[in-house]
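**Q** Sequence:
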Amino acid sequence: MCHHVRERETCIPNRRAALRTLALGVAGVALPAAAFALTPEPHPDAELIRLGEAFDRQHAAWVPLWKESDRLEKATFAAIEAAGIKFDLATYEWHCARTGFDVAADANVAAVDVLRRLAEQIAAIPARSYAGLHAKARVVFWECIRPADYIDVAEEALDGDVLSVIGLLREIESLAAEART
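Here the numbering used here is used: the first residue of the sequence shown is 5, the next is one more, and so on.
Rather than coming from a laboratory, the hints here were simulated on the basis of the structure. Treat the hints loosely; a few may be bogus.
Cβ-Cβ distance ranges computed for the label pairs, FRET-style [claimed, not checked]:
id	residue 1	residue 2	range
1	Lys90	Ile129	43 to 51 Å
2	Lys71	Cys148	52 to 60 Å
3	Gly164	Leu93	22 to 30 Å
4	Val107	Ala152	14 to 22 Å
5	Ala87	Ala58	12 to 20 Å
6	Ile129	Glu85	40 to 48 Å
7	Leu162	Ala82	22 to 30 Å
Using 20 Å as the maximum straight-line C-alpha spacing, the simulated EDC-like pairs for lysine to aspartate or glutamate come out as follows [what the hints assert, rightly or not]:
id	residue 1	residue 2
8	Lys78	Glu97
9	Lys71	Asp106
10	Lys71	Glu45
11	Lys78	Asp156
12	Lys71	Glu124
13	Lys78	Asp110
14	Lys78	Glu57
15	Lys78	Asp153
16	Lys71	Asp117
17	Lys71	Glu177
18	Lys71	Asp60
Cβ coordinates follow ideal geometry from the N, Cα and C atoms, glycine included.
Can you make the complete structure from the sequences, with help from the hints?
**A** Below, the structure written as structure tokens:
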């Protein structure tokens with residue numbers, strides 16, 4: 005309690021000071037609520053989009069592994085054929101080790117396993133937007149089209165079924181882009 009006039013002036017604020025203090029306290033509570041209200045809602049397919057982006061990165065990392073594995077597999081079979089020997093498992097395994105196909109195939113399989121796990125996660129989530137549908141469609145493309153049918157194949161040399169799926173993917177991607185704007 006204030007005992008004299010001077011002390012009272014410093015410990016008992018006037019109405020203006022009291023209102024200012026009260027207003028600052030209310031503003032301190034109101035600002036976070038206002039900031040929360042301005043935060044946009046998360047995308048309905050945010051998790052699906054995130055998984056689709058992870059799938060795309062893994063796919064990009066897998067393609068060179070697949071190419072090397074494919075090249076070495078062909079070299080292995082060519083070496084067996086050139087040797088003119090009867091094909092059996094022991095001969096095949098020996099040539100796989102000699103050409104390096106065994107190591108390349110293991111790396112390819114490991115990358116495919118990661119892609120499959122991502123594909124399973126993507127398949128388990130229902131799409132609610134074109135962006136989510138696009139993520140799912142890219143997985144379907146990978147699952148259904150053999151790599152040799154589209155990797156390093158000029159567009160004019162692609163088979164009709166591959167072109168159809170690529171066209172569908174492009175349309176879904178276009179719709180997803182339009183929906184974002």
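**Q** Look at the Cβ atoms of Ile129 and Glu85 and judge whether their distance stays inside 40 to 48 Å.
**A** Holds, at about 46 Å.
**Q** Check the hint pairing Lys71 with Glu45 against an upper bound of 20 Å on the C-alpha distance.
**A** violated (42 Å)
**Q** Using the Cβ atoms, figure out if Val107 sits within 14 to 22 Å of Ala152.
**A** holds (21 Å)
**Q** Quick one: are Lys90 and Ile129 within 43 to 51 Å, going by C-beta?
**A** Holds: the Cβ-Cβ distance is about 50 Å, inside 43 to 51 Å.
**Q** Holds or violated: the 12 to 20 Å window for the beta-carbon distance between Ala87 and Ala58?
**A** violated (43 Å)
**Q** Within a Cα-Cα threshold of 20 Å, do Lys78 and Glu97 meet the stated pairing?
**A** holds (14 Å)
**Q** Given the hint that Lys78 pairs with Asp156, test it: the Cα-Cα distance must not exceed 20 Å.
**A** holds (16 Å)
**Q** For the hint 22 to 30 Å, verify it against the beta carbon of Leu162 and that of Ala82.
**A** At 26 Å between Cβs, range holds.
**Q** Can you confirm whether the C-alpha distance between Lys71 and Asp106 stays at or below 20 Å?
**A** holds (14 Å)
**Q** Can you confirm whether the C-alpha distance between Lys71 and Asp60 stays at or below 20 Å?
**A** holds (17 Å)
**Q** Below or equal to 20 Å on CA atoms is what counts here, so check Lys78 against Asp110.
**A** The hint holds at about 16 Å.
**Q** Please check whether Lys71 and Cys148 have a Cβ separation lying inside 52 to 60 Å.
**A** violated (20 Å)
The structure is inconsistent with the numbered hints 2, 3, 5, 10, 12, 14, 17, although it conforms to all the rest.
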